[in-house]
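Colleague: Join the two chains into one complex using the hints; note that each chain is given alone, in its own frame.
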Amino acid sequence: MTLFIQQLFEGLALGGVYCLAAIGLTLVFGVLRIPNLAHGALYMLGAYVTYFFLVSVGVPYVAAIGMAAVVLAVIGIALERLVFHPLRNAPHTHHMIAAVGAMFFFQSVAQAIWGADFRRMDSPITGSVTILGTQVSWQRIVIVVTAVLVLGLLTWFIKRSVHGRTIEAIEQDRTGSSLVGISPSKVSMLTFGLAAALVTIAAGLVAPINLLSPTMGDALSLKVFAIIILGGLGSLPGAIVGGFALAITEVMTSTYVSAVAGEVVAFVVIVLVLAIRPTGLFARAVQR
Amino acid sequence: MTTRLSPKLLGTLLVALALLVAPLTLGGEEYVLRVLTVGATYAIAVYGMNLILGLTGQLSLAHGGFFGIGVYVVGLLTTDYGWTFWPSLLVAVAATAVGGYVAGIVALRTREEYFAIFTMAMGFIIFLVISRWESVTHAHSGVSGVKFPEGFGVLDFSEPVVMYYLVLLFLLGAGYVTYAVRRSGIGRTLVAIRTSEDLARSIGVNVGLNKQLAFAASTTLAGLGGGLFAAVQGFVGPSAASIDLTFEMLMFILVGGLGTVMGPVVGTFVVLFLFEYFQDFEAYRFIVLGPIIVALVIFAPRGIVGYLNAFADARRSRSPGGRADATGPPTGELDPPPTTTPAGSTTETREAL
Chain X
593 MTLFIQQLFE GLALGGVYCL AAIGLTLVFG VLRIPNLAHG ALYMLGAYVT YFFLVSVGVP
653 YVAAIGMAAV VLAVIGIALE RLVFHPLRNA PHTHHMIAAV GAMFFFQSVA QAIWGADFRR
713 MDSPITGSVT ILGTQVSWQR IVIVVTAVLV LGLLTWFIKR SVHGRTIEAI EQDRTGSSLV
773 GISPSKVSML TFGLAAALVT IAAGLVAPIN LLSPTMGDAL SLKVFAIIIL GGLGSLPGAI
833 VGGFALAITE VMTSTYVSAV AGEVVAFVVI VLVLAIRPTG LFARAVQR
Chain L
-11 MTTRLSPKLL GTLLVALALL VAPLTLGGEE YVLRVLTVGA TYAIAVYGMN LILGLTGQLS
49 LAHGGFFGIG VYVVGLLTTD YGWTFWPSLL VAVAATAVGG YVAGIVALRT REEYFAIFTM
109 AMGFIIFLVI SRWESVTHAH SGVSGVKFPE GFGVLDFSEP VVMYYLVLLF LLGAGYVTYA
169 VRRSGIGRTL VAIRTSEDLA RSIGVNVGLN KQLAFAASTT LAGLGGGLFA AVQGFVGPSA
229 ASIDLTFEML MFILVGGLGT VMGPVVGTFV VLFLFEYFQD FEAYRFIVLG PIIVALVIFA
289 PRGIVGYLNA FADARRSRSP GGRADATGPP TGELDPPPTT TPAGSTTETR EAL
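In order, the protein sequence lines correspond to chains X and L. Each number in our numbering corresponds to the 1-based position in the first sequence with 592 added. Heads up: the second sequence at position 172 corresponds to 160 in our numbering, and the numbers run straight through without jumps.
So that you can see chain L by itself, here it is in the shape it has in the complex (with noise of 0.2 Å):
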């Protein structure tokens, strides 16, 4: 593997860098930077949808609904209960593991379609106690003064800036995460399940366990966002576990690309500008989006980074092959197999996905 600036590592520091200066360009925009800060949360959720449905190929329609359970479980904690942030957040990751892990002892025995529609119909149930138990989530009216996070020393997290890159931390933590995965031999695992559950199985992989961690990490991620989408948005309600929610992550992902390590947040962000440009037209959006959905999902099914992916994989997979015929063959043995072995193997899963 070679030192120098490959193409797919300049264009994750654009990102990051775009994120890390976004506050300071911005000069006190208020609105723009809760915008950014709430894309932030939907960005870490949407990765442990990536983890589920991009990498092990399982389409988790009750996303949505852990989202929502880690919302109100740091809303309903902080508020009603008097807890401080940080244990309420640290109840609700736990809560979205272990929930997202028994659940999926469940909802994992069932395969393909069927697992879509029972998770939707499990989204459709935690959305359905949210909004209807009164005593408890307060349902329509919502829970309103939800804590900002305590700060530590000079940190104040009312601050939106600090609050920002406090989610923006989280934010890494998340890509990191699909980084570490997709590099361990677990990510390939998970490659080999999303293609094919039977030759996976026959290769001796533990498919279950394999697709039930897997999920219990989804929901986990899809809580953490949820927790911190709470503490910046101060209120919430039952929209927040809605099943249009997991939707809308839905496309934030299958824009950026399915099973990259950049296209969560690559997504969620050019999504939501996209939300926001047509903001007038609020409901009337999807008119827009929604055929934009479906040819995406006919045309463009790896999203913006699984192409920019590919053709970058293919710019290089050509240079040497061109340096080689030039200089001669041992610049061309010296470089390609390690570099796109790994990056050529999802490429081509990609396809059979």
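Bound conformation, chain X alone (with noise of 0.2 Å):
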């Protein structure tokens, strides 16, 4: 039971992390309609600049996240401008090659600005608390806490802000929405830079528990893959509850199966949903 709780804690936490990241992939999936590969890379990207601050400059692990995040939401607008932008028109298959050119060239780039060999980011909160007799470190606890302020104020951005709605009004109906004064290319903009911000606190709270490598975003990118597949792709609530579910998921089967089931269960999710429902288990959120 001990044993039961802790992994609970620990799926909760990694389920924090990875509705962070999925939600960044989702809301760009609504709002262009592109599957971004290159999402992984804009998480270790996060994760390696969170590092310089922190290490590097020595700021405040806070600030560190925070200013790490403006620095990847101005690559993820840079992204959308020199990438995506000039792909709008281009047949779905480009926008995957392009996005898969930038994955390799994000994973370059840090590789030759931090080596190919894993790091380490020790976190300055330390300790941890008995809660129903089990040891939960307060950087786990951290993260949970962190991510549902972030979805939060996200959500309320985007229901209750006039910039967030229009998000949702290009998700609804682009045309419509340009019609009425929206323009599609900012919206595309800021969705691309709040993607790379969100993603980038989430490789901030979770970096000091695993370690950084240049690949480490390329099992995260499936992942976050196959979390919004489950709760549709577009869909907030669905990334929510999708990354919660796999993580749980994961961190059990690892616990009670072995570790490299763990590792495959994302990827078998995958397979069996789109082999159930080849497209997705919320249809209702692709529009044809």
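Don't take each hint at face value.
[What the hints assert, rightly or not] Just the calculated beta-carbon pair ranges, DEER-fashion:
(1) I597/X with Y272/L: 39 to 47 Å
(2) P279/L with V647/X: 26 to 34 Å
(3) L674/X with S(-6)/L: 50 to 58 Å
(4) I93/L with P683/X: 18 to 26 Å
(5) V772/X with S(-6)/L: 49 to 57 Å
[As the list claims (entries may be wrong)] If you want the ones that stay clear, here's a sample from chain L, every Cβ over 10 Å from chain X, calculated:
(6) S(-6)
(7) L21
(8) L64
(9) D68
(10) A83
(11) V149
(12) F235
(13) M239
(14) F263
Simulated from the structure, these hints should not be mistaken for laboratory data. Note that the coordinates shown come from a computational prediction; the quantities given were computed from them, not determined experimentally. Even glycine gets a Cβ: it sits at the ideal position worked out from N, Cα and C.
Modeller: Put into structure tokens, the structure is as follows:
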């Protein structure tokens, strides 16, 4: 039972990270109708930039994540302008190929700057607390709390603020929105910036638990795709539920079955879900 | 159709000639010959990708995985199980053909982005199985001592030059298959699917079956390339099944020209040359190559061969027209339609893709 509760917290923490990463991806898909295969690379860059601010510059942890999020938002906007905007009318295979090119580029840059070796990022948040008879580290609690806070803020932003609502408007009807004066271009940039910032927060939160490496985003990329396919491409609540569901499944599988099984489970989820429902579990989110 | 030497035929012959005489001019440069041979095995697999992505317009990211299956079937059968090479290669080809067909039944139910994501997950599962299933695949220690093909008479395939020509023969086969498919009704059917699945279905094309056959053909070529790759390398590791390999092949075909007959071979050798050229930078090469991929997709999605073809077609349709003005209409009527229609239709659909 102790093990179970411990793993449950582990799963919740991981779920928070997955949610933040998945929401960016699902927003980008909703607005631009493209699966951004470079999302994992942004996550990896986010982790390294946080590392840079925290270790090399020496800013406090929270500030380091914030600054990294700003830097990544700029990179995300640049990515949208330089890569995806010129391809907005191209066939879907072209986006994905370009995203792959961008992904390789980011990985090489990270490797050139920080090297291929694994790096450790120590969090200033140490110690643990006893909940229901098990030790849970503060870092994991911070992850869950931050994730919930950020998700709350994001929901408010998208549902209530003017700029956030333009995102939803574009998702629902691109032509209609531009008719009422919403610039699809600006919204695309906003979405990309937001997605990159969110994934950076996720990376900054999880980096103290995991190790940093230029390829750390590869597996995440696919897992996040599994999540948004589970939750429906373009759906926010779907991404949140899917994120926690996948994370807990993954943690429990690797605890009670085997580590390899835990690693494979996300891909099996993709294959199974798409085999049964070729358009994802919630086809409503997909407009053709 | 006139029998005079068209620029396209000339280009094809030039490439073929270059590949044929390459080992003779190298004069014992073992390393370069090895790179060329490995490149040719990749090119065979890239021809497979061309069938599914270039002609049918479906982005399959499991291609590296099927290549890996070919590599490991040959690698494991010839070492741990003591088989000879040729039966092993046959099994590898059969396994990837059947595997591709069966996987296609499920995979091709999905469309567009979903198909890409689905096949990417499939590729990852194949990679994870190969890199983690210690007791069968030896995981990260890889497979060493893969056998060379058994020779016929005087042909001894442990000789690098002979092996090179063997791979080249298979490459020629792959190229011919692409050529034949493109000329046939099947090729036009596939291009119709690429242009619009719904439209193709509405004119009576069996979209599902055709996509499935194209997918199975593509995985078969991947398996064939992989099997030969194992024999050429002698030592293979899980990286032969990685998703990075898929992405590299994607770059080969993109540089060469999607959907063209000569694109895979030209793209593979051009990019491999660049890889070797940037070899000192090893992992950093993608700092240059990444933006190149992006720029290619944005500015030159047709690839080298695609552009050369379009250029040749433009010249061809212009020159008889010019002559027609000078000598009267009959020559103009005789020449252009049969030669420009097949090529012209593909360049048009290229743009539609």
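Colleague: For every hint, state whether the structure bears it out.
Modeller: Status of the hints after comparison with the structure:
1. Distance hint for I597/X and Y272/L: a CB-CB separation of about 45 Å, consistent with the stated range 39 to 47 Å.
2. In this structure the hint that P279/L and V647/X lie 26 to 34 Å apart at CB holds, the actual value being about 29 Å.
3. At roughly 39 Å, the beta-carbon separation of L674/X and S(-6)/L lies outside the given 50 to 58 Å, and the hint is violated.
4. A C-beta distance of roughly 25 Å is found between I93/L and P683/X, which places it inside the suggested range of 18 to 26 Å.
5. Under the hint 49 to 57 Å, the C-beta atoms of V772/X and S(-6)/L, about 54 Å apart, fit the expected range.
6. No beta-carbon of chain X comes within 10 Å of the beta-carbon of S(-6)/L; the shortest separation is about 29 Å.
7. With 10 Å as the threshold on Cβ separation, the claim that L21/L sits away from chain X holds: the shortest Cβ distance comes to roughly 28 Å.
8. For L64/L, the condition that its CB be more than 10 Å from all CB atoms of chain X holds, with the nearest at approximately 19 Å.
9. Consistency note on D68/L: stated as away from chain X, and its beta-carbon is indeed over 10 Å from all of that chain's, at 21 Å minimum.
10. Distance check on A83/L: its Cβ is at least 19 Å (rounded) from any Cβ of chain X, clearing the 10 Å threshold; non-interface status holds.
11. Its beta-carbon lying about 34 Å from the closest one in chain X, V149/L satisfies the requirement of being farther than 10 Å from that chain.
12. For F235/L, the condition that its CB be more than 10 Å from all CB atoms of chain X is violated, with the nearest at approximately 5 Å.
13. Not every Cβ of chain X is farther than 10 Å from the Cβ of M239/L; the closest lies at roughly 8 Å, contradicting the non-interface assignment.
14. With a cut of 10 Å on Cβ distances, F263/L stays outside the contact zone with chain X, its closest approach being about 13 Å.
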